[in-house]
Structures are given as C-alpha cells and as structure tokens.
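Student: Chains as they are written, first to last, in my numbering: chain A, 1 to 121; chain B, 1 to 121; chain C, 1 to 121; chain D, 1 to 121.
There could be a bad hint or two in this list.
Unchecked claim - Stretch by stretch, here's where chain C covers chain D in the computed footprint (C-beta under 8 angstroms, at least three residues): (1) 31-39; (2) 65-72; (3) 83-91; (4) 97-104.
Unchecked claim - Here are the in silico distance ranges between beta carbons for each label pair: (5) A:Asp46 x B:Gln45: 40 to 48 angstroms; (6) C:Glu85 x D:Asp93: 49 to 57 angstroms; (7) A:Gly18 x B:Lys58: 15 to 23 angstroms; (8) B:Lys58 x D:Glu85: 38 to 46 angstroms; (9) B:Lys120 x C:Lys96: 48 to 56 angstroms.
Calculated directly from the structure, the hints in this document are not laboratory data. C-beta atoms are modelled at their ideal positions from N, C-alpha and C, and glycine is treated no differently.
4 protein chains.
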Amino acid sequence: MNKYQEQIKKFCEERNWGQFHNPKDLLLGIIEEIGEFRNIIKWEQDPEIIKKVVLENKEEAKDCIGDIFWFLSLLANSCDIDINEAIEMTIKDNEKRFPIDKTNSKHTNIYLGGHDGKYKK
Amino acid sequence: MNKYQEQIKKFCEERNWGQFHNPKDLLLGIIEEIGEFRNIIKWEQDPEIIKKVVLENKEEAKDCIGDIFWFLSLLANSCDIDINEAIEMTIKDNEKRFPIDKTNSKHTNIYLGGHDGKYKK
Amino acid sequence: MNKYQEQIKKFCEERNWGQFHNPKDLLLGIIEEIGEFRNIIKWEQDPEIIKKVVLENKEEAKDCIGDIFWFLSLLANSCDIDINEAIEMTIKDNEKRFPIDKTNSKHTNIYLGGHDGKYKK
Amino acid sequence: MNKYQEQIKKFCEERNWGQFHNPKDLLLGIIEEIGEFRNIIKWEQDPEIIKKVVLENKEEAKDCIGDIFWFLSLLANSCDIDINEAIEMTIKDNEKRFPIDKTNSKHTNIYLGGHDGKYKK
C-alpha cells in the first residue's frame, strides 16, 4: 500500500473518523481545494503569467496539492482501494489510449480533432 | 520525487504535452473524474448501501482515483512541486490542526461545533 | 433573455470584463462556490441536521447560490446562450427522461436499479 | 419565486424526489455538468478557438447550462431559498465589491494586483 495512504489511514483511525468519510464528503473536499487553487490563477489568460503567479505562491499551491492527495487517500480507503494499484492501472490504460504516434504534440480533445482511444466524437 | 509523478512526467514529455497543461485544464480534469465517481453513488443516502455499490463497481472507482492522481501529478509538475513534499506538509499540518484530544470521534465542521485549528466560526 | 442574465451582462460590459471570461475560469468560479457551500455541511451524515445547519446559515448558502447563478450567467453570455432557453430545454428533456410512472418515489441512479431514460448500465 | 425554480419544484414533488435531494448530491450534480462542459474545451489555449468550439457544440453547452440551473434550483429548494432573492443579493453585493473606477478593464485576482473589495492578499 502507498506509504502516505497508510499514514493518513492511521491518522484517521486514531481519531475514529471513518464514520464521517462518506465518499460524497471526500469528493466535495477535493472540490474545495480546487476552488482555493483557482483563486491564485483566476482570470489570467497568459500561460507565462499563470506559471509565474503559481511559483510566487508555491506554498499555497503545495498546500492544495497535498490536501487533494489527503482526500483522495481517504476516498481510496473508504473503498478498500490501494491507491498505488489505481495509479498503475491508469498509467497502463493511458499507454494504450494515447499511443505516441497519434498524440505526439497533439492534445486529446476529440471536439478539436485530437486523438483519444477511449472516445470518438 | 514520487515514482509515479516521475513516470507520468516522462509519459507527457514523450508526447510534448506540456503546452496543454495549463493548471486550469488540470483542475477541470480532476472535476470531471469527481463527476464520474458521483454517478456511482448519487442520490443514495444509506452509508452502507453507498459502501456496497462502490465495492460492486470497484473497477470504475479505481479508474477515477487513478485518473485524479494522474491530473494531480500533472498539476504538481506544472508548478515544479514534488508531490511527496506536498503530502508530507499536509500530514504535518493536520497533526497540529487536529489534535487527537480535541477531535477524537468528532468531525471538524466548525458550523456544527467541530474543532478545526485553522478556522474559527 | 433572462432579466438577471441581462443585468449581469451589462455589469460586466461596463467594466470591460469580457476579456477575462474564459469558460474555464467561469466553470472554476462555480467550483469555488460549491467548495464554500460544502463547508457548511461537511462530515454531517444526518439529513435533518444538514437541513438545520443550512437554515441556520442561510445568508451564506444564499450567497453561494447567487454567486453560482452569476458565473452561470457569464458562462451563458460567453457562449451566446440564452439561459432561459437552456432551462426550458432541460425541463422538457427531463419530462421525457424521467416519466412519472417509472421514477415515482425512486431515485435515478442506474447503478442502484433506478430508471434513467438517457443511460443504461 | 423564480418561475423555473417553481416548475422544477413541482416536477420533483410529483415524483416524491425530496428524499434524495441532499445538498451534497445536488452540489455533486453541478460538478458532473462542469466536467461535461470541460470536455468540449479541454486542452485548448487559444481563446478564439475555445469560443469557436463552444459555438460549434452549442446544444451540448446549452444542455450543461440548463442542467446546472436545474441542480441549482433543487439546491435552493432544499434550503428554502428563493433563487431570485439570492441573485439580487449577489448583484447588489458585487456593485459594492467591484466599483467601476477600480475594476474597469482590470481583473479581480488579488494575487495579480486586481481589486476585490471582499478580499485582500
């Protein structure tokens, strides 16, 4: 099992928090962090400035990313899923879904002519 | 650096996908997965049945969890953040924020009398 | 056109804000409000207490609901969509999608045996 | 009360759906629609092309916008909130929060020097 997932599991068991970890609450927890991250970059359209403002507020960005992983681990725990297995499955799937020759330097938005082995428009 | 973050980084470098990885797109990618997970459990109010339906659809749940980590890694990459450092920071912060004696068997919703060292109502 | 959509349109035209209203930013704006609403009800599992805490914090809930409509209007404006037409389309679609005889007192989660004329499991 | 909110209320009463309308489910319903909208525009960075692809897929965009309003109305119903009152409050608040002379042609992201009467960095 993922080392961090295990630590987070232990943290919550020590507090008897399992009773609160309805998947709906955990999904909404991730949402809240996404909203906080959005605040750093909102309305800016220039990719270079977006990159710059995130780097200037790296601690806040790091905080959101750590918190999203936290809720994701709890979600995995609530479903008896090993987060490492889930990640390995996604990586393997994406290798098939996005072959290099069809996706090199191209996005995968099928509405805009991209290739995605999973969906067709 | 987190082993999976590194693999995902390499995967995207091989496809020159950095140009598409605006944090806004990555945050919205996580959102889409949350929407898919929601579909499995929506409208059901009984925690036992929620748990049961997730276990019955474990592959789909696993898929969402892996994909959320995928986008989270890309987000971390786009900000030059080591996801392991972010997680360790969150765990350390939560130890201070939620001391066992104040949060044992209690949720942390301050609107409902819970304890949260970060926020007061 | 929806009266409020029109007012919000004028508000933004007076400030030349169209340049910032990328749909990605507007979608993420809605996300942020959802995260704020979540804070009022998080971790609580009893539907009666959830209802009670929202009523006790009605101004905050109202604020989130108004703000979500605000971003939704801007999203509609950015796509030249009349929000009233969109709503009428949804209502009409849902009448076909969820006939009373098949959905009366039943949820529409197909993973749990519900009826949804749009999706099959 | 908003005419559509009332129609949607009646629609759900005819099906006895109140029992399923936990605010958590309704918030996650909006999330799912945002994920669907994201699919139309994902990875594209050019604002003109984003605008174009939304117009080319206007029915899908309209569908998402109508569905978001649908869930928003149900959320308001579940909290005994009149959606029109909520919108009017937001418009009034934003007039104070974003005075024209301080926000004309400027975004409101305080991390990037914008003006927001509600938050300071």
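Student: Against this structure, judge whether each hint is valid.
Tutor: We went through each hint and held it up to the structure:
Note: the stretch 31-39 of chain D has 4 residues with beta-carbon separation from chain C under 8 angstroms; the three-residue rule is met and the coverage holds. Residues of the stretch 65-72 of chain D lying with their CB closer than 8 angstroms to a CB of chain C number 7, which satisfies the three-residue condition for coverage. With a cut-off of 8 angstroms between beta carbons, the stretch 83-91 of chain D has 9 residues touching chain C; three or more are needed, and the interface restraint holds. Residues of the stretch 97-104 of chain D lying with their CB closer than 8 angstroms to a CB of chain C number 4, which satisfies the three-residue condition for coverage.
Checked against the given bound of 40 to 48 angstroms, the beta carbons of A:Asp46 and B:Gln45, roughly 45 angstroms apart, stay inside it. One distance hint, 49 to 57 angstroms for the beta-carbon pair C:Glu85 and D:Asp93, is violated here, with the actual separation near 27 angstroms. Distance hint check for A:Gly18 and B:Lys58: the Cβ-Cβ separation is about 18 angstroms, which falls inside the suggested range of 15 to 23 angstroms. The supplied range of 38 to 46 angstroms is met by B:Lys58 and D:Glu85, whose beta-carbon atoms lie about 44 angstroms from each other.
About 49 angstroms separates the C-beta atoms of B:Lys120 and C:Lys96, a value consistent with the hinted range of 48 to 56 angstroms.
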